[in-house]
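Q: Letter by letter, the chains look like this.
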Amino acid sequence: MNMQTTIAGIPFKNPVMTASGTFGSGMEYGEFVDLNQLGAVVTKGVANVPWPGNPTPRVAEVYGGMLNAIGLQNPGIDVFLERDIPFLKQYDTKIIVNVCGKTVEDYVDVVEKLGEEPAVAMLEINVSCPNVKEGAIAFGQKADALYHITQELKKHAKQPIIMKLSPNVTDITEMAKAAEAAGADALSLINTITGMKIDIHRRKFAIANKTGGMSGPAIKPIAVRMVYQAAHAVKIPIIGMGGIANAEDAIEFILAGASAVSVGAMNFVNPYTTIEVIKGIEAYMERYHVENLTDLIGAVE
Amino acid sequence: MNMQTTIAGIPFKNPVMTASGTFGSGMEYGEFVDLNQLGAVVTKGVANVPWPGNPTPRVAEVYGGMLNAIGLQNPGIDVFLERDIPFLKQYDTKIIVNVCGKTVEDYVDVVEKLGEEPAVAMLEINVSCPNVKEGAIAFGQKADALYHITQELKKHAKQPIIMKLSPNVTDITEMAKAAEAAGADALSLINTITGMKIDIHRRKFAIANKTGGMSGPAIKPIAVRMVYQAAHAVKIPIIGMGGIANAEDAIEFILAGASAVSVGAMNFVNPYTTIEVIKGIEAYMERYHVENLTDLIGAVE
Amino acid sequence: MKQKQTAVVASQKEIAPQIFDMWINTELAAEARPGQFVCVYPKDRSTLLPRPISICEVNGDKTALRLVYRIAGQGTAEFAGYRAGDSIAILGTLGNGFLEAVGIDSLTGSIVRDDVEITADKMFSGKQVFLMGGGIGIPPMLQLAKKLNQFMEKDRIQIIVGYRDAQTFLREDLERYGKVFIATEDGSVGTKGNVMNAIAENGLSADKIFACGPMPMLRAIKAYAQEKEIPAYISLEEHMACGVGACLGCVVKTREIDHHSHVHNARICTDGPVFEAKEVEIG
Amino acid sequence: MKQKQTAVVASQKEIAPQIFDMWINTELAAEARPGQFVCVYPKDRSTLLPRPISICEVNGDKTALRLVYRIAGQGTAEFAGYRAGDSIAILGTLGNGFLEAVGIDSLTGSIVRDDVEITADKMFSGKQVFLMGGGIGIPPMLQLAKKLNQFMEKDRIQIIVGYRDAQTFLREDLERYGKVFIATEDGSVGTKGNVMNAIAENGLSADKIFACGPMPMLRAIKAYAQEKEIPAYISLEEHMACGVGACLGCVVKTREIDHHSHVHNARICTDGPVFEAKEVEIG
Ligand SMILES: Cc1cc2nc3c(=O)[nH]c(=O)nc-3n(C[C@H](O)[C@H](O)[C@H](O)COP(=O)(O)OP(=O)(O)OC[C@H]3O[C@@H](n4cnc5c(N)ncnc54)[C@H](O)[C@@H]3O)c2cc1C
Ligand SMILES: Cc1cc2nc3c(=O)[nH]c(=O)nc-3n(C[C@H](O)[C@H](O)[C@H](O)COP(=O)(O)OP(=O)(O)OC[C@H]3O[C@@H](n4cnc5c(N)ncnc54)[C@H](O)[C@@H]3O)c2cc1C
Ligand SMILES: Cc1cc2nc3c(=O)[nH]c(=O)nc-3n(C[C@H](O)[C@H](O)[C@H](O)COP(=O)(O)O)c2cc1C
Ligand SMILES: Cc1cc2nc3c(=O)[nH]c(=O)nc-3n(C[C@H](O)[C@H](O)[C@H](O)COP(=O)(O)O)c2cc1C
Ligand code: FES
Ligand code: FES
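Protein chains in written order, with numbering that gives the first Met the number 0: chain A, 0 to 300; chain B, 0 to 300; chain C, 0 to 282; chain D, 0 to 282.
Among the hints, erroneous ones may be present.
[Stated by the list, open to error] No farther apart than 27 Å at their CA atoms in a straight line, the calculated lysine-lysine pairs in the DSSO-like style are these:
1) Lys176(A) - Lys234(B)
2) Lys42(C) - Lys1(D)
3) Lys42(C) - Lys42(D)
4) Lys252(D) - Lys209(A)
5) Lys203(A) - Lys176(B)
6) Lys153(D) - Lys278(A)
7) Lys252(C) - Lys101(B)
8) Lys12(C) - Lys1(D)
9) Lys278(B) - Lys203(A)
10) Lys252(D) - Lys203(A)
11) Lys1(C) - Lys88(B)
12) Lys252(C) - Lys209(B)
In case anyone wonders, no lab produced these hints; they're calculated from the structure.
Construct all of the structure, not just a fragment, from the sequences and the given hints.
A: Quick look at the structure:
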C-alpha cells in the first residue's frame, strides 16, 4: 500500500498536512503529534515584517465551526527563518511556508528570503485572508489581480508555489484557471468563508473585527464542492481543506479531486486529528484494496 | 409591545415568515402550526408550467444542515392559483408567492398571472436557485443580468417584488445594489449555498444532481454577514434567512439589519419552529424593554 | 393527527449483530397503521434530519410502538445507545400504510377509497397473501401480519423473509402470526438464496403481495406480480427531510401524473411509503 | 506534558444557583498548578470549541481535579448535566499558574525564572498576600490558598472575595486556608460593595496580590497595586480556540514586545492566564 502523493514534482510520504494558521509552526502540537508522521507542516502565514494582528475577541464559536479574525499576527520573516525553520528541520516532514502580505512587493520580499532556505519545500501564497483590510483579499477575489500576483511571484520564487484560493467568490473555476494560467504549481482551497456572529444580549459583534473567517465541519460541503469544481477546471494538483475532522472527510476531498488534504480547525478540537486521518486513510485503502493513494484522487463517479 | 414590521408599505403582524420551499403552501404544516399566527407564508417556487424537478436522491444531511436539489418541482401556476391560493386565503396571514423560471418570459408569465390575484401580497423572485441548470442561477450571480430581470419584472408586476439573492457571489452588496437600482421593493437573502457530499463507500455523489443547495444552522454566520453587508449597501428592506432555528437566531438577523426573517430547513427538524421564534422574539422584547420590533432592525453596534 | 413529541424509551435490546429492538411509550401508538413509519431525531445537533423507521409492532393496549432497526450511521448509532427511561424525539405517525394503499382503513377494516368495493374481511378472507420482507425490510411485516389476522386465516398469511445468514431476527414473532418461509443468502437457514427462491422452492402462490426490502428484491417482486397478474404493494425508501410532504425531497417516479404534484412524482413520505408496484417506476 | 483525554466524573453538585462543583478523576491532577486551567469539550458536535475552566482544587493524593463553574451557555449547560461515572473530555493542564507567574515552581517551591532570587518559602514567609476573587473568578483562589499554606502562615493569607449576594459558594473551603473577607453587591454578607471596598473597610494591606475576576475588578486592582507599589498577578480571560498557543486567538496587549510573538501580544492560554498587572494593557 502506497500512501505517497506528489505535488509539483515533490513527493509527500502521505497526503495529510496541517492547514496554515491552525498549527503554528508545529511546536505547540509537537507535544501531541509526532511531526515525523505528517505529509507536511504548513506554517502560519508569515509577512516581511511583524504584524500585530487584530484586536480581541479574535475567535468565536459557531454551529459546527468557528470564526476567526486573527489578522495574520506573525513575527515577521526574519524571526521565522531563525526560529521556526530550524525547529521544523529537525523533523522528517516537508515544510510548506504560508506567505502573506499587503502589496505584491511584500509578498516578493518574503518569497525571496524563503528562496535562500532549501529546507522549505513549497510556498503557499495566502491571497485570501478575509481578515486583513488592505490588499490581500482582493488578490483572491479578482481573477486578473490573482493572475498578476501569481505571475510576479513565479518570477521570484525558487520553490514551487501553491496559490491558496478564497471561497468568497462567484466562480471558483475562474480563479483556479487564472492561477494556473499565470504559472501556479498547485492550488490549495478553501480558505475561510467570511461570516459574522452577533451577541444579541450585548448587541455587539462576537468578533472585534465584526466579520471573521469561518472554518470547521460546517463548511465542508462547500469546500468539497469547490475542490471538485476546481479539479475539473485545471490540471495542476489541489490541496483540499475545509472542515476535515476524520479520515472519511479527507477521503471525500481526495475523491473530489484533491491530491492532498489539510486539517485546520479540528486540530483545536482534537490535537490528534492529523494522525487519526492518516491511519484512517490507510484502513480505508486496506478495506477497499486500493494499492496507491493516487488511485483515489478524483475517483468519485 | 408592537411586533409589526413593514415591507414595501405592507404591514406584517410580526416579522416571522416561512422560507420558500420548506413549507409547501402551508397545508402540510397546518397540522402543526396555526397559520394565522405567522407574519407571512412564503410559498414554494412556482413556474409558468409544471416542473418535474430533479432525480432522487434530492436531499442529504450534512453537518449542522442539509443539501437539497429538488430542482423546483412544482405543479405550475394554474394549479397553484386554483388550489394553493384558495387554501391560504382562509388564513389571516400574508401570502408571498415565490416565482421561478428559466427565461425572463417565464417569470413575466407567472408574475402577470399572479397580478390578477389580489390575495397575494408580494412576489418573491427566485433568481438564485442553484439546482436548475438553465438560466435562473445566472440572474442571481451577475449584477447586470439581475438588474435586467428586476427591471423587466417591475414593468409587469402588480405587487411589490422581493428579489431573492444568491449567496454564491463574490460581493453581495453589488447584487443588492443592482436589484435596488432596478426597482426592487425588497430583498430576501440568503438562498442556499452550493455544496457537495460524496459517499466514500460507494464513491458516488450523495445527491443525484451532484451538487445541492446547503441550508440549516451551519450556514447562519455566512447569512448574517451577507444580510449585514446588504443592509449597509441599500435602503430597501431585507428579509433575512439562513439557518434560523430559534428566536436568538432570528434576532441576530434583525440586529444585522433584516426587517423580517424566514424559517427554512429548521421547519423540517421542528415543525413548531416558526411559532417558537415568534414567542421568543416577544420574550426578548419584553426582557429588554423594546417597544417596537422596528427598533431592533440593524441595532447592532 | 401528526405530532412531534418527546417519547420515552420503554426497553431496548440488540436482537442480532447491529440490529436493535426498541419499544417506546407514546400515544401515537393509538393511531399507528402497519406500514406507517415514524421519524426519529438524533439529539446531537450536528445531525438534524429525521431518521424514518417503520413501525414494527404496536402493543396490545396501543400505548407503545416497537421499532427494529439496523445501525447504518450516526443517527441509528445514537439511538442504539438509548436505555429504558431515556427520551426519544419522534414525529409520527407518517405515511399511508399497507392496507391503506389497498384502499382499506387498517384501524376499522372499512373502505377508504372510491375504487375499492369490499371491506377488509371480505377482501382477505379465503385468500392467500404474501408478506415479503428482506433484511431490515422485515420489521413492518410483523405488525401487518398481526393486523391481517383480524381479517383472515393465519395459515393463509405466508410470510417470506430473506436474511443474510442464520441471524433470523423477529422469526419467532412472525411465526405467531403466519406461516413463515425463510431464505438466507448463505443457505444456513431455509432456502439458499432470496425470497423469490423461497417462493419457488416451496411452490407458494398468492392473490396479493405486500413487501418491504432492498430495491433489487422489490424489482423482482414487481416483475413476478406482473407475470402472475396479482397486485403487489411495496414499501419504498428515499432520503427524507420533512417526512410530511412539504419538501418534495422523497419522491418516486409514477406511471400516472400524481394528483398532488401534477407531474409524474409521488411523495414517499405522504403518498407512500406503500405503493402498488405497477404505479411506480423503480427501474 | 499536555494531554487530551477522556476522564471520569467523580461527583457533581450545584453549590449555588447555576454554579456547579464537579470533581473529575484524572492523572492530570498530578501536574496541576494553582491558576492553571483545563479545556473541557462539549460532546454535542455542534459546539466544538473548548471551554476553559480553572482548576479550583486538587485532591490530597493528586488523582482528581475540582472544577467550579457557572452555566454561561450551551457548553457549561451540557457539563452541568453530567453525573458521577459519566465521561468528560478534557485537555490539560494549561497555562502558567499564579506562582509560576511570580517565577516560582508551585510543585516544588523552587525558582524557575532568572529574575527571581528566592524560593517560595523565603518569598512568602512573614509576608502578607491578598488572594482576590470576584464571582466565578473565586474558584482558582482555593487551590492557590491551599498551596500557599505550604510556604507561609495561614492568617497572613488574606482571601478577599466578592459575591453578588448571600450565595457565598466556596466560603467554607476558603476559610480552611486563609482569613476570608467577603464583599457582596447587595450587602447581605460582609462589606457592601466590591473587593476594593472590603480592603478599605477592613484596613487590609499586602505585599503581593493574586487575583481573578471580572475586568473592572482587575483594572481596579491594577490601579491599587500601582499606587501601593506592590506586584499584582492577575488571571485573564479571553475566547480560546486551541488552548495551547497555536491559534493566536487569545492574546492580550503587552507593555513589552512579547518574546514569542515579536509584537505586543502575549497568549493568555500559554504565556498566561496569569500576568503581572503592570505588564498587560487591560484598558
Ligand atoms: C419509510 C422508511 C422506513 C424505514 N424503516 C426502517 C426500519 O424499520 N429499520 C431500519 O433499520 N431502517 C429503516 N429505514 C432506513 C433508515 O431510515 C436509515 O437506515 C436511517 O435513516 C439511517 O440513519 P443513520 O443516521 O444511521 O445513517 P446515516 O447514513 O448517517 O444517515 C445520513 C442521512 O441519510 C439518511 N438515510 C440514510 N440511509 C437511509 C435510508 N435507507 N432511507 C432513508 N434515509 C436514509 C438519514 O436519514 C440521514 O438523513 C427506513 C427508511 C424509510 C424511508
Ligand atoms: C483561563 C480561563 C479560566 C476560566 N475559568 C472558569 C471557571 O473556573 N469557572 C467558570 O465558570 N468559568 C471560567 N471561565 C469562563 C468559561 O470558560 C466560560 O464561561 C465558558 O467557556 C462558557 O462556555 P458556554 O458554552 O457555557 O457559553 P457560550 O457562550 O455558549 O460559549 C460560546 C463560546 O464562547 C466561549 N466563551 C464564552 N464565555 C467565555 C469566557 N468568559 N471566557 C472564555 N471563553 C468564553 C466558549 O468557550 C465558547 O467557545 C474561564 C475562562 C478562561 C479563559
Ligand atoms: C485560527 C485560524 C488561523 C488561520 N490562519 C491562516 C493563515 O495564516 N494563512 C492561511 O492561508 N490560512 C489561514 N487559516 C485558514 C486555514 O488554513 C484553512 O484554510 C481554513 O481554516 C479551512 O480549513 P478548516 O475548516 O479545516 O479549518 C486560518 C484558519 C484558522 C481557523
Ligand atoms: C428543500 C428546500 C427547498 C427550497 N426551495 C426553494 C424555492 O423553491 N425557492 C426559493 O427561493 N428558495 C428555496 N429554498 C431556499 C430557502 O427558501 C432558504 O432560502 C434557504 O434554505 C436558507 O434558509 P434555511 O437555512 O433556514 O433553510 C429551498 C430550501 C430547501 C431546504
Ligand atoms: S420528506 Fe419532505 S416531502 Fe417527503
Ligand atoms: S487559544 Fe489558541 S493561542 Fe491561545
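Q: Quickly compare the C-alpha distance for Lys278(B) and Lys203(A) to 27 Å and report which way the hint goes.
A: holds, 23 Å
Q: Quickly compare the C-alpha distance for Lys12(C) and Lys1(D) to 27 Å and report which way the hint goes.
A: Between Lys12(C) and Lys1(D) the Cα gap is close to 40 Å, so the pair fails against 27 Å, i.e. violated.
Q: Would you check the hint for Lys42(C) and Lys42(D), treating anything up to 27 Å between C-alpha atoms as holding?
A: Holds, at roughly 11 Å.
Q: Is the Cα-Cα distance between Lys153(D) and Lys278(A) 27 Å or less?
A: The hint is violated at about 53 Å.
Q: Starting from Lys176(A), check that the Cα of Lys234(B) is at most 27 Å away, please.
A: Roughly 37 Å separates the two Cα atoms, so the pair is violated.
Q: Given the hint that Lys203(A) pairs with Lys176(B), does the C-alpha gap stay at or below 27 Å?
A: holds, 26 Å
Q: Please work out if Lys252(C) and Lys209(B) have their alpha carbons no farther apart than 27 Å.
A: holds, 19 Å
Q: Is Lys252(D) close enough to Lys209(A), meaning Cα to Cα at most 27 Å?
A: holds, 19 Å
Q: Lys42(C) and Lys1(D) were given as a pair; does the straight-line alpha-carbon distance stay at or below 27 Å?
A: Violated: Lys42(C) and Lys1(D) sit about 31 Å apart, past 27 Å.
Q: Are Lys252(D) and Lys203(A) close enough, with their CA atoms no more than 27 Å apart?
A: The hint holds at about 21 Å.
Q: Hey, Lys1(C) versus Lys88(B), does the alpha-carbon distance stay inside 27 Å?
A: holds, 23 Å
Q: Does Lys101(B) lie within 27 Å of Lys252(C) when you go C-alpha to C-alpha?
A: holds, 23 Å
Violated hints for the displayed structure, listed by number in ascending order: 1, 2, 6 and 8.
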